[in-house]
Amino acid sequence: MATTRLTALAVLAVSMVGAWAGPASAQWTGNMVKIGVLSDMSSLYADITGPGSVLAARMAVEDFGGKLGVPVAIVSADHQNKPDVGSNIVRQWIDRDGVDVIVDVPTSSVALAVNEIVREKNKVFLVSGAATSDLTGPKCSPNTVHWTYDTWALAHGTGSAVVKAGGDTWFFLTADYAFGHALERDTSEVVKASGGKVLGAVRHPLNTSDFSSFLLQAQASKAKIIGLANAGGDTINSIKQAAEFGVVKGGQKLAGLLVFITDVHSLGLRTAQGLLLTESFYWDLNDQTRAWSKRFAAKHDGKMPSMVQAGVYAAVTHYLKALAQTKSDEDGKAIVDKMKALPTDDPLFGKGTIRVDGRKIHPTYLFEVKSPDQTKGSWDYYKLVHAIPAAEAFRPLDQGGCPLVKK
Amino acid sequence: MFRIPPQALFGQLLLGLINGAFYALLSLGLAVIFGLLNIVNFAHGAFYMMGAFVAWFLLQYAGLGYWWALLIAPMAVGILGLVLERTLLRRLQGLDHLYGLLLTFGLALVVQGLFQNQYGSSGQPYDIPPALAGGRNLGFMFLPNYRAWVVLFSLAVCLGTWFVIERTKLGAYLRAATENATLVRAFGVDVPRLITLTYGFGVALAGLAGVLAAPIFQVSPLMGANLIIVVFAVVVVGGMGSILGAIVTGFLLGLVEGFTKVFYPEASNTVIFVIMAVVLVVRPAGLFGRAA
Numbered sequence: 004m005a006t007t008r009l010t011a012l013a014v015l016a017v018s019m020v021g022a023w024a025g026p027a028s029a030q031w032t033g034n035m036v037k038i039g040v041l042s043d044m045s046s047l048y049a050d051i052t053g054p055g056s057v058l059a060a061r062m063a064v065e066d067f068g069g070k071l072g073v074p075v076a077i078v079s080a081d082h083q084n085k086p087d088v089g090s091n092i093v094r095q096w097i098d099r100d101g102v103d104v105i106v107d108v109p110t111s112s113v114a115l116a117v118n119e120i121v122r123e124k125n126k127v128f129l130v131s132g133a134a135t136s137d138l139t140g141p142k143c144s145p146n147t148v149h150w151t152y153d154t155w156a157l158a159h160g161t162g163s164a165v166v167k168a169g170g171d172t173w174f175f176l177t178a179d180y181a182f183g184h185a186l187e188r189d190t191s192e193v194v195k196a197s198g199g200k201v202l203g204a205v206r207h208p209l210n211t212s213d214f215s216s217f218l219l220q221a222q223a224s225k226a227k228i229i230g231l232a233n234a235g236g237d238t239i240n241s242i243k244q245a246a247e248f249g250v251v252k253g254g255q256k257l258a259g260l261l262v263f264i265t266d267v268h269s270l271g272l273r274t275a276q277g278l279l280l281t282e283s284f285y286w287d288l289n290d291q292t293r294a295w296s297k298r299f300a301a302k303h304d305g306k307m308p309s310m311v312q313a314g315v316y317a318a319v320t321h322y323l324k325a326l327a328q329t330k331s332d333e334d335g336k337a338i339v340d341k342m343k344a345l346p347t348d349d350p351l352f353g354k355g356t357i358r359v360d361g362r363k364i365h366p367t368y369l370f371e372v373k374s375p376d377q378t379k380g381s382w383d384y385y386k387l388v389h390a391i392p393a394a395e396a397f398r399p400l401d402q403g404g405c406p407l408v409k410k
Numbered sequence: 369m370f371r372i373p374p375q376a377l378f379g380q381l382l383l384g385l386i387n388g389a390f391y392a393l394l395s396l397g398l399a400v401i402f403g404l405l406n407i408v409n410f411a412h413g414a415f416y417m418m419g420a421f422v423a424w425f426l427l428q429y430a431g432l433g434y435w436w437a438l439l440i441a442p443m444a445v446g447i448l449g450l451v452l453e454r455t456l457l458r459r460l461q462g463l464d465h466l467y468g469l470l471l472t473f474g475l476a477l478v479v480q481g482l483f484q485n486q487y488g489s490s491g492q493p494y495d496i497p498p499a500l501a502g503g504r505n506l507g508f509m510f511l512p513n514y515r516a517w518v519v520l521f522s523l524a525v526c527l528g529t530w531f532v533i534e535r536t537k538l539g540a541y542l543r544a545a546t547e548n549a550t551l552v553r554a555f556g557v558d559v560p561r562l563i564t565l566t567y568g569f570g571v572a573l574a575g576l577a578g579v580l581a582a583p584i585f586q587v588s589p590l591m592g593a594n595l596i597i598v599v600f601a602v603v604v605v606g607g608m609g610s611i612l613g614a615i616v617t618g619f620l621l622g623l624v625e626g627f628t629k630v631f632y633p634e635a636s637n638t639v640i641f642v643i644m645a646v647v648l649v650v651r652p653a654g655l656f657g658r659a660a
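These protein sequences, in sequence, are chains A and B. Counted from 1, the first sequence has number 408 at position 405 by my numbering; the numbering is strictly sequential. Counted from 1, the second sequence has number 627 at position 259 by my numbering; the numbering is strictly sequential.
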């Protein structure tokens, strides 16, 4: 709990073989590329991100092979969902340990803090776990790429589908920190824009175990839809206890605004069935995602990857591709510029681009959780409702308020 | 802030009572262990978590449902406690409280880490037993039958424990043994065994609370860590080692927390600690504690 676990996973994926083949102009700090995976290793988001994200980064490095001509090492640490802890680790990593790129960082409040440090130190920040759309909005940075998803995409994927289906009055159960606030804000906008009404919201502390009191307030609001602007263990307990208190039987519906496949796995289909959710990755999308996910699961106790873990793999892969061209890991901004210039192409998210505000663009998918008699076996949880094309999946460039976007 | 209708308030009151039942059951075990053995048992949360996991194991691997778990899990956890007391805690007798605290805290971290490594952090589902599924509409709120059962059952266990310790001969031996072990031993009472059994019993209470919690929360390696700090605050407010204090304060703070969730939900995680700080300033021995 109180201990900072600084697991130094010195994965030397690429041996020194080939170092001599590198061009003489290449400049590598510390004669190696060092990737720091900063994540929640021990608390409510650990199954979504955590050790699985470290594994995904390691797989990306292994699959990329020795093309850089220098070794690529991975270190990882637990930020315990605390911005101060996360900031300290990142400063230490960059100042003392020569880490070149910070990866993942779930928990928006921590990610926003890391965002500033990485900009100040001119390194690279590849966000997969954090959700707040502010990272490519007012807080956007020339050193940051936001890969997998954000609160705007979730709000528009799930929120607008729910309103269209008749759910026009909402009450929010919101995790009381940057992420929950952003998700509530973005979803409220969608609801109002689609002609719906927001009747109220209750803010619960992060990592709450008992939601009955909040659910009671949501019931009393008589809203048709109870929007869960929380994640991980908080979402799981909300859904489980909503079933206990007869929320759904009473005619109200739950909208899980950020539900991951690991949450569905943990809840079981009987409780989770019928939930609508938006994700940008699902292991069973196509042959390529299936092949990669099975490889991942084989190394991860049979657990399929979450979209965050898939995002870590894809983001690290693209970062290494950019490094192969810049031939240097020194200037973080230059590397991110190169990442934006290069079109992205990976087996998990397909072809895509990175916008000037740092937003990675790819399609997202609206899924419905299957019922127990629809599933074909373990981890067969989603049926596709519809795909949201890349052009519509994320916030239009001119609406985010990012200072990098020239008007 | 004051536009909450009285019906909603009743609902929150009842919910506070339900959470208070968990606090009471857990802090009772802590109070018994501290009051009689002088051990600050930081492993209590881990035992609570293990109680829930034993229930899950029984269902998963032996096909034994909730009612069996209610019987078997506390015994299994209690036996684990006996072993722990015999092998480790006994060696710390007579030393400063801090050693017991460090040992049990370390053990809790190890146990939690092992479970997390094996079962992840999002937990395992455990269903409400069919006999207690559903609920009734009380007019002002929908009360799930299972929660009503939790309140009644834990209240019965709490009162039973209080009765045994404060009103029976066995309880008198126990209390005497903590006051003056040598003297009690001179009367022919096997004091070490008494202490081992007491620790086992206190820990079994935590296991029992774990089984009760399994259908409400996910059975997760983190469930104990989330609760233990609150429960310690309850024990401190009630007065370290005061059994009645632990029970009453458990329910009381559950209620206070319930109210906070209505009026200012953001503070619901902190309100108990604010109360703890105030009580420590005004009455350092706790509400029901005797000044040393």
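I should point out that these hints are in silico values taken from the structure, not numbers from a laboratory. Take these hints with a grain of salt, some might be off.
[To be verified] Stretches of chain A that chain B covers, calculated by requiring three or more beta carbons in the stretch to come under 8 Å of a beta carbon on chain B:
1) 40-48
2) 188-200
[Said to hold, decoys possible] Take a look, some chain B residues computed to stay more than 12 Å from chain A by CB distance:
3) 379
4) 406
5) 438
6) 454
7) 514
8) 584
9) 612
10) 620
11) 629
12) 630
13) 635
14) 648
[Unchecked claim] Some chain A residues close to chain B (C-beta under 10 Å, calculated; not the full set):
15) 53
16) 179
17) 205
18) 240
19) 244
20) 252
21) 273
22) 276
23) 304
24) 306
The structure displayed is predicted, hence computed values, not measured ones. Glycine is no exception: its CB is placed at the ideal position from the N, C-alpha and C atoms.
Self-check item: Structure versus earlier hints - violations, ascending order
Solution: Hint check: 2, 3, 7, 8, 11, 12, 13 and 22 fail, others pass.
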